[in-house]
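Q: Okay, here's what each chain looks like letter by letter:
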Amino acid sequence: MRILLVGLNHRTASLPVRERFAVADPAARLEKLVTGEEIEEAVLLSTCNRVEVVATTRRLEAARHRLRAFFARDLAGGRPLPDGLSWEAALYEYVDSHAIRHVFRVASSIDSMVVGEPQILGQLKDAYRAAVDAEACGVILNRLFHRAFATAKRVRSETGIAERPVSVARVAVDLSRQIFETLRGKTALLVGAGEMIEMALEALRGEGLGAVRVANRTPAHATELAARFDATAHGLHELSELLARSDVVLTSIGGDRPLLDATLFEHALHARRRRPIFVIDIGLPRNVDPDVDRLDGVYLYDLDDLAGVARANAEDRRRETVRAEALVQAEVERFDGWLSALQAVPTIRHLRARAEAIRRGELTRGASRLGLDDEQRQGLEALTRAMVNKLLHAPITRLRRETEREEGLAYLEAARVLFALDDPDAPGAQADGEVGRPPRDE
Amino acid sequence: MLVELHLLTAAVYLAATVAALLGLALPAPPAGRVASVLLLVGAVVHAVAFTSLHAATPPPPLTNLPAAASMMAWMAVVFCLLLMLRGRLLGLAALVAPLAFVAVVFAGERLALQGALPPSAPAAGAWAHLHVILASAGFALLGVAGLAGLLFLAAEGRLKSKRPAAWGRRLPSLEVLDRINVVALAVGFPLLTLAVVAGLLWSRTLTGRLWPGGAHVIGLLAAWGVYAGLAGARFGAGWRGREAAASALVGFGFLLVALLGAEFVA
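So the protein lines, in turn, are chains A and B. Counting in the working numbering, the first sequence runs from 5 upward without gaps. Counting in the working numbering, the second sequence runs from 8 upward without gaps.
Treat the hints with care, since some could be wrong.
Now the stretches of chain B that chain A is said to cover, found in silico as 3 or more residues with beta-carbon under 8 Å [as the list claims (entries may be wrong)]:
| hint | region |
| --- | --- |
| 1 | 162-171 |
| 2 | 248-259 |
Have a look at the derived ranges for each label pair, beta carbon to beta carbon [unchecked claim]:
| hint | chain 1 | residue 1 | chain 2 | residue 2 | range |
| --- | --- | --- | --- | --- | --- |
| 3 | A | E35 | B | V48 | 57 to 63 Å |
| 4 | B | V25 | A | G210 | 32 to 38 Å |
| 5 | B | V48 | A | H397 | 41 to 47 Å |
| 6 | A | P294 | B | V48 | 46 to 52 Å |
| 7 | B | V25 | A | H225 | 35 to 41 Å |
| 8 | A | H69 | B | V25 | 53 to 59 Å |
| 9 | A | T186 | B | A54 | 50 to 56 Å |
Everything labelled a hint here was simulated from the structure, so no lab data went into it. Ideal Cβ placement from N, Cα and C applies to all residues, glycine included.
Chain A on its own, in the form it takes in the complex (with noise of 0.2 Å):
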């Protein structure tokens, strides 16, 4: 059996191309994909970034085919592909272990536009879900998806490609994390509006941030906002008195020169018992003063600040993507090594059919030729099936572990002559039809 991956993501076409094959219901199109003759099971990954299907099928040739024309046809609808893009530069395909080392990447998102963002493990969760209702996964895809979940973990757990955030908003709140011990309780203030200010507020939110309170110069603004946000709306003239009560500031305001200075906050600091304030200032230009900044217990974070922390972590995460690199490799290696033993199990299965239908037709011949009791046919049977079993005992286990690897595939092809499974006129090949012929991939 083999695995083959066709699809198209971030790298190799742009957003117009991706949305002509975004698919809302990858149910459907699995259905009927796996019900031709070219592909036994598939999954189908569709997400902002990638449109990917990963099948197994036993006739690579056909499959590939049908795969890029389910691509052209059933999905782009037969037109051609935007900006002149040929289907060549934008479709990639992967086979066998390569494809199981890109599900592997993708699942613990070191291929994704972002390394290290988590959103793509549930997206293949889904995927996988939405395969397995359709009842297009079997017994190769449901593993490898499983170990693709596994491996994801690992990398998580095991390096530090998703350790630290990437956009401004997430380092907005690992930051509240290393003054704060906590966000619950916590008081914000959020001075102006704007979209980068309120995704960090509503980021800081959700790790629990109290109180909100909302200043902006116009009154019937600062109340719309406030009401957006479940806060309480001030006036500017108010800042002195909240910022004293203020844990976390956030600022986006217009003006031309700062709104609020060293002088306010020391101010703040003395009334709060100078328990320490953290300041978010996205204002363009900066609403802060940056004397602000050389206050204990103050910790002025600007644009360039928040931005700069977030491009050294990813950074970092691309550095920690070779140690990644590393156990996806390993991961594979094991993969590789469970889908090459599969390959044993028809072989050993018709093996037992033959040494069994032996075994009952001598039974069966003997017992009459004996005159034999109930008891004592039993009893044969028992020592008959234990004799067998214990024949076949060491030829599989040795089959089984050596067809783990690729070079031990000659084994089952010994096994096969040895015992004459592909002879019809052995001995017990009337059984054969029990258990069918081993499929040969093409």
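Given the coordinates of chain A, work out where chain B should sit on it, guided by the hints.
A: Just chain B now, kept in the frame of chain A:
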């Protein structure tokens, strides 16, 4: 047997140090958990060693520096373990464990040299024990406050530099480190005060005078004076954060100098 127990304790503390440093350097949590377990094992073996020492050489040998240093180290480890129950304090363990290792090696080495610890000052029953136990507990707490101060300054420096290091994320938060400083000072300073009182009463029982004199007494009183100043600044003037951390670290440095200086002079 005593020497072997001390060596075993030292080995476990050393292993805990390595595990704690690995826990800070690596993202995987197992090393951190191993460090906590090793520190706990070290504290148990240390307690056994200490009990054996107490049983082996009457009168109790608490009144000399090696034994007192060993007891301080044990109390600091126990305090650190109690704090670790409440949060991510691997950074503190990474500082307490090596100091405990040094203290135990010091005590063990003296044991190996002398066979058993001779009393360096005349022992005088309950007051002497009380003095040594209270002083050791107070110094242990104030030592942990100093180490927490060191961590605070390191973590705060990285935050202020706008280049927070990966290991910094595994340190306790500034809030927790500051809280350790408050608790250690609030409990440690009264213990140290009681130790001074017990020491004076011990002196009176022994010599009939409250002021026995000597480097040890001067060192202890100087340390008490420094910590009285720190407690006043923290609880009176409202010092916290960087000021409190730096002063706790300076106080700890003074404490070490006073203890070692007194031993050297003696």
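Q: So, for every hint listed, does it hold in this structure?
A: Now for the hints, and whether the structure bears them out:
1. Closer than 8 Å: that is the beta-carbon criterion, and the region 162-171 of chain B has 6 residues meeting it against chain A, so the requirement of 3 holds.
2. Restraint check on the region 248-259 of chain B versus chain A: 3 residues with Cβ-Cβ distances below 8 Å, three needed, restraint holds.
3. Between E35 of chain A and V48 of chain B the C-beta distance comes to about 58 Å, which sits within the given range of 57 to 63 Å.
4. Checked against the given bound of 32 to 38 Å, the beta carbons of V25 of chain B and G210 of chain A, roughly 36 Å apart, stay inside it.
5. A hinted range of 41 to 47 Å holds for the C-beta pair V48 of chain B and H397 of chain A, which are about 46 Å apart.
6. The supplied range of 46 to 52 Å is met by P294 of chain A and V48 of chain B, whose beta-carbon atoms lie about 49 Å from each other.
7. A beta carbon spacing of about 57 Å between V25 of chain B and H225 of chain A contradicts the range 35 to 41 Å that was offered as a hint.
8. The hinted window of 53 to 59 Å between H69 of chain A and V25 of chain B holds, with their beta carbons roughly 58 Å apart.
9. Judged by the Cβ atoms, the range 50 to 56 Å given for T186 of chain A and A54 of chain B is violated: they are separated by roughly 33 Å.
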